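Residue numbers (my numbering), protein chains in the order written: chain E, 1 to 171; chain Z, 1001 to 1219; chain G, 2001 to 2434.
In short, the hints are calculated from the structure, not lab data.
Please read these numbers as outputs of a predicted model, since none were measured by experiment.
The C-beta atom is built at its ideal place from N, Cα and C for all residues, glycine as well.
Check the hints yourself; a few may be wrong.
Computed spacing ranges between beta-carbons, pair by pair [said to hold, decoys possible]:
#1 G/P2105 <-> E/T94: 36 to 46 Å
#2 Z/P1131 <-> E/R127: 30 to 40 Å
#3 G/R2209 <-> E/R45: 48 to 58 Å
#4 E/I152 <-> Z/P1131: 12 to 22 Å
#5 Z/P1178 <-> G/D2250: 22 to 32 Å
DSBU-like mimics (lysine-lysine), calculated; alpha carbons at most 35 Å apart, straight line [claimed, not checked]:
#6 Z/K1169 <-> G/K2102
#7 G/K2275 <-> E/K85
#8 E/K47 <-> G/K2081
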Amino acid sequence: MPDATGLELLAGELGDAALETVYFRNRATLIVDPARIREVLASLREKGYAFLASVHGVDHYPEEPRLGVIYELLDMDSVDRITVKLRVPLDAPTVASVSEEWPTANHQEREIYDMFGVVFEGHPDLRRILMPEDYEGHPQRRDFPLGGEPVIFTRDEAGLLEAREEEATST
Amino acid sequence: MRREPLPPRTSTPGLPGGDGELRVQSLNARQMLRGGDLEGANRPAALEGSELEEYVQERVLTTTLDDAVAWARSNSFFPLAFGLACCAMEQFHTAGPRMDIARFGFEAFRASPRQADLIILAGRVSIKMAPIIRRLYDQMLEPKWAISMGACCSSMGVFNNYALVPADKFMPIDVHVPGCPPRPEALMHGVLKLRKLVQDDPDMGWRERYDAVGTEERP
Amino acid sequence: MSPTASSPHSPGTGKGENPTLSAYRRREQSITLAPLDDDLDPDMGARDELLTLNFGPHHPATHGVLRLLVTLQAEIVRDIKPIIGYVHTGIEKTAEDKSYWKVIPVVERMDYLSYYFNAMAYCGAVEALVEVEVPKRGQYLRVIHLELNRIASHLIWLGTSALDLGATSIFLYCLRERELILDLFEMSSGARMHTRYFQVGGVIEDIPRGFEAKVREFLKIMPERADEYGAILNSNEILLQRLRGTCPLDAQTLLGLGVSGPLLRAAGNPWDLRKADPYSSYEDFRFKIPVGTVGDNYDRFAVRLAEIYESVKIIEQALDGLPEGPYITEDRKVALPPRHELATSMEALIHHFKLVTEGFRVPPGEVYNPIESPRGELGCYVRSDGSSKPVRVHMRDPSFVNLQALAPMVRGSYIADMIATTAMLDPILGGIDR
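Start from the sequences, fold in the hints, and give me the full structure.
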């Protein structure tokens, strides 16, 4: 990780694309403007961070802007990591896709779309990857219920369900 | 490995002509069944009536055809090679060298559901996979059985959430094997329980078993 | 919803396209053609006909429920589209609902062959957030179990890959060794798989008496057995023909695709997090990184086989240098106090109660913790908001990212090579789908 001063210098070089820097537990994070993500990643690539390790999403519910996308970059030559973060609001969840320059982001952006609903513009094939294709809703948002099913057993089916119904109506 | 030399073959006592002649052996066998001893001092008279029946009952196994078929079926399940998640690893170990499922005759894991009669659901069933498993189960031929291995498909297991379905919701399960993942011994216990179930209660067809006659879908 | 049967169609011409296909299915089957190989016989006649075949999700040759839409020209694979999600378990969402301690068994079940690695990545992330130090003995014990798990994972990979390629006896040999490793796990933690042995701050329990002797016994036979497997497989002409020279991919493309682990090392790039960015005392051990040259299937196979020997060396060094001391952090706000203290100390009782009912609180922040799993870089991202439950747990699974490399590897080769490549890719669907 670049140390705190290195991080500030980096942020300075990126100009107004970098909104904020966070240095936490020896790890450097840059919070950037969602519209400029491709150029930020390109300039970081020139600095040596050539390996995109992970693209993942976060839901900051209830703070706005709610949906976050996090890019983990790795510089293999100097063993350095840096995190780039951006946040988009729920009513305009579009981010430019970086899958053209970073092919690894292909499936990972699809997963973020599937789980959070962030739409990646320019992605060659944005569709659901983990959930069935006609699923409604974005499961990993914080206000999506966890779900779950009551358990039934084949040989006991009638008895258990009836007993549960009786319990529910009587209490 | 040290091997003891096998004892030398001596001709079976009482058999004329040595033990190499098949024709002689079968003639002798017929004679034995009829109640006569072959050579030697105590050659009883040929048995008649109830004595013959007793003699035969002691030596010949009779059973109903159903029982025989059930016995054969239960001892030769063809499991479907179907592993979903972590339980599949323990399923491999059940088929592995230590907890050998081949001892019981079940090592023929078939890849095609048309050739299998036992589906062991090893692992968690997600909502995307459920219709596929149902289709696999429908492709299996009667009589067929299902074992739900592990906590996840039996009863949602560790994860009770939007993504999983308990297996009983979309297909009938005969034996549930608890565990996360169940040890190979536990899976073996489940399979043997199923074997006992089939031997004792060999109803054909799951629709008769689960009182679901009349629920067939029309094409 | 249209059935997923094979349907011969020639896209682009509009002829024979199934009109009942939804837009989703049509997009799913869209292909990108690789340039035609010059060695193809131009009179083959199959030039205009492309067949889309559906492999899986139930197929004996896939490692788990992986579905592949393969577009074929005669026997040559023109494009491949993996479709996943058939074991999606919502692990990350379930983890948000549980206290930090209880997330460990949930997260272990993700990549179900390398369960200790999942726990290690997660515990490492939480330890960074809570700022606890794992004592040296705990670190060494973790390394021993991690490397044993690496060997176990490689054994299953070897067994199932050999099974796919036709060498069926190797499967049973590998399971025989794996039984020994699972016995060791059972000895130290009580369970064979998903042992919940790693906790935040160290390991849950010290190793019992006799564990070290048993491990050393295992370490004596493992290299011999690995030699046996190497001898059997390296002299198997069919296996060599199927693996040598098939589906190579250069390191630069792999880096672009985010691939790490044995796949990248087989292509020549010696990137290994255990050496580059050591965690949990890996810097104390001397071991080599096997690196391939060509990047074809044979190199991937050889690299993983060689890693087994290196893991054996690491375990031996860890056992030799195992220090005395605590095996879990002494910080009672994070780790359970030892049972005997509960009888005498009131604070211990209160700590125990708070930890078991509510769990420890983690200061707000977010951390990404990468480690080297048998398949590549396994990273765990944990975001906390000060409460006792995590806000977001994301596991960056190596198989999920490595799967994207399957298409470039396989374009232009035969179906049989595709099966071999999928085997050498070592995908674990639990990790891919989470």
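Hints, verified against the model:
no. : hint                            : verdict
1   : G/P2105 <-> E/T94: 36 to 46 Å   : holds (37 Å)
2   : Z/P1131 <-> E/R127: 30 to 40 Å  : violated (19 Å)
3   : G/R2209 <-> E/R45: 48 to 58 Å   : holds (54 Å)
4   : E/I152 <-> Z/P1131: 12 to 22 Å  : holds (18 Å)
5   : Z/P1178 <-> G/D2250: 22 to 32 Å : violated (49 Å)
6   : Z/K1169 <-> G/K2102             : holds (28 Å)
7   : G/K2275 <-> E/K85               : holds (28 Å)
8   : E/K47 <-> G/K2081               : holds (34 Å)
Of the numbered hints given earlier, the model fails hints 2, 5; all others are met.
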